[in-house]
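A.B. asks: Chain residues, written in single-letter form:
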Amino acid sequence: MSAPVFEVIRKEIEAILPRYPRKEAALLPALHIVQRKLGFIPPEGEKLVAQLLEIKPVRVREVVTFYTMFTRKPLGKYHLQVCSNLSCSLAGGESILKYLEEKLGIKAGETTPDGRFTLSTVECLGACDQSPCLMVNDDLYGQLDRAKVDELLATLE
Amino acid sequence: MPKITIDGQTIEVAEGTTILKAAGQAGIDIPHLCYHPAFPPEGSCRLCLVEIEGAPKLELACATVVREGMVVKTQSEKVKEARRSVLEFLLAEHPLDCPICDKAGECQLQDYYELYGLFESRYRETKEKKEKLVRLGRHLLLDRERCIQCTRCVRFLLEITRTGELGVFERGIKSIIGFYEGEPVDNNYSGNLAEICPVGAITDLDFRFKTRRWLLDSRPSLCPLCSRNCAINIEFHRGLARIELGQRVFRIRSRENPQVNQYWICDLGRYSYRYLDENRIDRPYQLVNGRRMNLSWEKLFILLSEKIRALRIRKKTSRIVLVLNSALTNEELFLMRRLFLEELAVSRFIFCDPPEEKGDSFLLTAERVPNRRGAEKIGFDVKSREEVLREDKIDLLLIFAAHLPEKMPLNWLSPLASQIGAKFLFASQESKLSQLVDFVAPVTPVAEKAGSFINVDGLMQSFEAALNPWGESRPEWEILVNLAREIPVNYRYFGRFNSPRAIREAMAEEKLIMSERP
Amino acid sequence: MNEKVLSRQFDLPHLHKIDVYLENGGYEAVRKALRLRPEEIVEEVKKASLRGRGGAGFPAGIKWSFVPRVDKPKYLCVNADEGEPGTFKDRYIMSHNPHLLIEGIIITSYAVGIHLAFIYIRGEYEKIAQRLEKAIEEARNKGFLGRNILGTGFDLEVVVHRGAGAYICGEETALLESLEGKRGHPRLKPPFPASVGLFQMPTVINNVETVANVPLIILNGADWFLSLGQPKDGGTRLFSVSGMVERPGVYELPVGTPLRKIIFDYAGGVKNGRKLKAVIPGGMSAPILLPEEIDVPMDCESVMKRGSMLGSAAIIVIDETVPIIEVLSKVTKFYSHESCGQCTPCRIGTSWIHKIVKRMASGQGRKDDLKEIERLASQIKGRTLCPLGDAAALPILAIVNKFRAELEAMLPQ
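Chains as they are written, first to last, in my numbering: chain L, 1 to 157; chain B, 1001 to 1518; chain D, 2001 to 2413.
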């Protein structure tokens, strides 16, 4: 883990601490900062957050393992999060997932060997009028069919 | 003071009392798992749900405060069914480990199943598989499959020791108890976790696979290892016919005492019990040219009283030195004072308490002897006054080491040994000290006698014997009374003392000491 | 009535920029509100019968009046966690008109005496969170946030706080725990957040849509608001319509509009002309309705009388081609995955039921599976620490009850 990125993380976390009446309340935003910079939350990240918020690392681990958006394992460059809830499934979401599994050669929960894609299933993304949906990192793509999936993958280098 | 009715019984309770506590006052047990009186209600196990007249749903007894006129039912069909269902849920994902689980016989899940369950399992799915051998620290193992997520362990470490090592990881059915790598549970109170865990999820390595709960008897005592004097229970094998057991005592457990240790004991007190069964002196003996010659107590008393008589007649009792420590009981120290100091004019006393070690801000004191306050109250100067050794020749040295012969700082003894006449050691354990004296006699440690101590806060507590004396061990108070008879010294006075209780009564009469209350 | 009120301006380009918003009457409600006394605003909102639009439907004005007028820090938490499956109206409000929400926050905070408000937004709405943060900056620069707002001496800061993927954090006390930097474990109630909330201080938690209605009530009056809806349930609702309809989307309609009308008159009816099989009326936690039950007026009381709930007003339409086991599987998977794990019946019950349903779905059902599912769901119902238990149990019971024959047919006899 290169030191400079940890300095950046430290500064960003320190900048948001004053927003909260108590330091420890900044735990979720602090972890988001770590994950955005590193792609995941390694022990060094947990310990840095613990130190800055003046809490024990075990409290950080409790939170990291509770919330599904936080990951302790590195993600691929593009995290494909396919909705597996009801409305998307009614619109054909299952076959979109299967198609992606075929095309990428991995199963949901796995990352492609070249590190480009991680495929996950997630619960309702709150965009059910655009079912079936998936998110690529922070971006939402809806009304998917095989053609649109092909188009999308082509743009993700 | 609200009046409420529970199961037809009307009782009056203090404002702010929960249904659970009120029921307890009325003699009604409401089953509960996550609730522990040391912590605020958690409300997660859902086992304590009861029916309140007028309320649409069942409510938690542990968390609901009573109101005037409340009518509570703890045995209605609805309540029974709710209890049964919580047990069913817990047992559905619980491994069938009873035959190999150390908690068997003292497991809340077993006990409640017998009282409120007794149903056939209808779980036909695959149980969650989790790690079964997680080392939590020096003393404890965690079995994650057995864990019922009551979080008592997590809360104990957050609220009592304030060390917070354990946490809940993952979510939902995958939830597990865990700690951060490199930061296991290594504080001085870890053993309490195995006690408060209602099931066999957290177990004690010290107790693992050694015996079964129902083979043990439990007797109360006080822990003699520091000056807190925590209330403990000593749990020992009641004996198996025709089977030779290597040890009697299998574990020490905490005993509730709101004034001293609440519900807890420290790991030092919990795990240091082997001295009760190991390295004990079986019977009195004499060392002649390094060779051991067994003696009877009668012979020992005759020999010792002869020596004392001889010195007394010649008015040379100034040549007697007594080495004591603060592990002796109030009664024994009182007798020391009366017999030696006052009757025999022996003024040369040295207190050789073990050196202080690190205490903590909770129960463990830096003083590692139980009764320094008692010794002071009885009028002894507990600072080691080695100048006493040089005041005169030493014709007779009596060392009362209690259970601490290894730890007493007696470096002066070896160089002086050849100049001292007769040396008597009264101790419970064998130690290097035994080689430096002429006569060795076994005494009973605190677990094997009755008496009283005054703890660090000035609280006097009496205790009874929990175990039978080892071999021919005798309590120091009994030795002193017998000595008084043999010498003889004022046996009309000392002869009354047939128990520590009798001695305490005399102490109270003579206004030397105190009642049970602080 | 086909007038949009809350979403009236949503099609204006760049409405999320404060200049456009101001040009179109923006922040007039704040100006008006800050000239009223806080108690007056609370009374007005009570009169308007503005009910919570997150799921529970609790009257907002009454919730506000539970906050004691004490000299302690108080907080507002806007619940933008929008996790109820089928719901996307808050996304719609926040991305089209963040300033409307900010106005609502300012007025609500002023009414209750709050000087620090949090928008707890689900982590997946990152882009919307960024839009909100920009809008907050714009508002601060124009003097609508920060110290001495519009010279009235009223201070208010608004912080956008992202969640990280936990449906349970939409439950108000779990939201508080999460905002305090902990796992989203719901708290025992009582005490209620109005007295013991964020950092143990009095706290108001309101849904995005609820707060977004407040400026309208201030501008147009409680009577107007009440007249749009039903006697104890004023205003309009933003209905999220999805599933097998021709035109899925957000439809703003008066409270009390019949469900049938929403599906067939506004959303174009069942897609591809198929037959309707079932409708979930208020998000996944609302028990399913059969085609003969969809004449129900969509207001809190009426839907409750029908054995379901208006909840988040998220309508999911299911047609005849969908095997009901698929719906049941999605329901059990969701709740077992989202259970926080604290209390026994939910932690173990939702997982047990899901294991049975998974088996059934894979063709390995057993004769008594349905009975077991009903038994277990009944053992969860009413016994859990938080409403997620009922949110799981009631829909499961409704599906099994109303589609018993279809489900029984999957099992060996």
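Simulated from the structure, these hints should not be mistaken for laboratory data. Glycine included, C-beta positions come from ideal geometry on N, C-alpha and C. Wrong hints could be hidden among the right ones.
[What the hints assert, rightly or not] Taking beta-carbon pairs under 8 angstroms as the criterion, some of the chain D residues facing chain B (in silico):
1. GLN2342
2. ARG2347
3. GLY2349
4. SER2351
[Said to hold, decoys possible] One side only, chain B facing chain D, incomplete, derived with CB under 10 angstroms:
5. SER1044
6. CYS1045
7. LEU1049
8. LYS1307
9. ALA1310
[Stated by the list, open to error] Calculated Cβ distances over 10 angstroms to all of chain B for the following chain L residues:
10. LEU17
11. VAL58
12. ARG59
13. ARG61
14. THR71
15. HIS79
16. SER95
17. TYR99
18. LYS107
A.B. asks: Give a verdict on every hint.
C.D. replies: How the hints compare with the structure:
A hinted interface residue such as D:GLN2342 counts as satisfied when its beta carbon comes closer than 8 angstroms to some beta carbon of chain B; here the least separation is about 5 angstroms, so the hint holds. Hint on D:ARG2347 holds. Least Cβ distance to chain B is approximately 6 angstroms, under the 8 angstroms limit. Satisfaction of the interface hint for D:GLY2349 is found here, the shortest Cβ-Cβ separation to chain B being roughly 6 angstroms, below the 8 angstroms cut-off. Among the interface hints, the one on D:SER2351 holds; its C-beta lies about 4 angstroms from the nearest C-beta in chain B, closer than the 8 angstroms criterion.
Checking B:SER1044 against chain D: minimum C-beta separation of about 5 angstroms stays under 10 angstroms; hint holds. Interface restraint check for B:CYS1045: the shortest CB-CB distance to chain D comes to about 6 angstroms, inside 10 angstroms, so the restraint holds. Hint status for B:LEU1049: holds, given a least beta-carbon distance of 7 angstroms to chain D, under 10 angstroms. Evaluation of the B:LYS1307 hint against chain D yields a violated restraint, the C-beta minimum of about 71 angstroms exceeding 10 angstroms.
Proximity of B:ALA1310 to chain D is violated relative to the hint, the smallest CB-CB distance being about 76 angstroms (cut-off 10 angstroms). Every C-beta of chain B lies more than 10 angstroms from that of L:LEU17, the closest at about 21 angstroms, which supports listing it as non-interface. With a minimum CB-CB distance of about 4 angstroms to chain B, L:VAL58 fails to clear the 10 angstroms threshold, and the non-interface call is violated. Some Cβ of chain B comes within 10 angstroms of the Cβ of L:ARG59; the nearest lies about 7 angstroms off, and the non-interface call is violated.
A beta-carbon of chain B comes within 10 angstroms of the beta-carbon of L:ARG61; the shortest separation is about 6 angstroms. Listed as outside the interface, L:THR71 is consistent with that label: its C-beta sits roughly 13 angstroms from the nearest C-beta of chain B, beyond the 10 angstroms cut-off. Its beta-carbon lying about 19 angstroms from the closest one in chain B, L:HIS79 satisfies the requirement of being farther than 10 angstroms from that chain. Listed as a non-interface residue, L:SER95 keeps its Cβ farther than 10 angstroms from every Cβ of chain B; the least gap is roughly 28 angstroms.
With a minimum CB-CB distance of about 29 angstroms to chain B, L:TYR99 clears the 10 angstroms threshold, and the non-interface call stands. The beta carbon of L:LYS107 sits about 19 angstroms from the closest Cβ of chain B, which is more than 10 angstroms, so the claim that it is off the interface holds.
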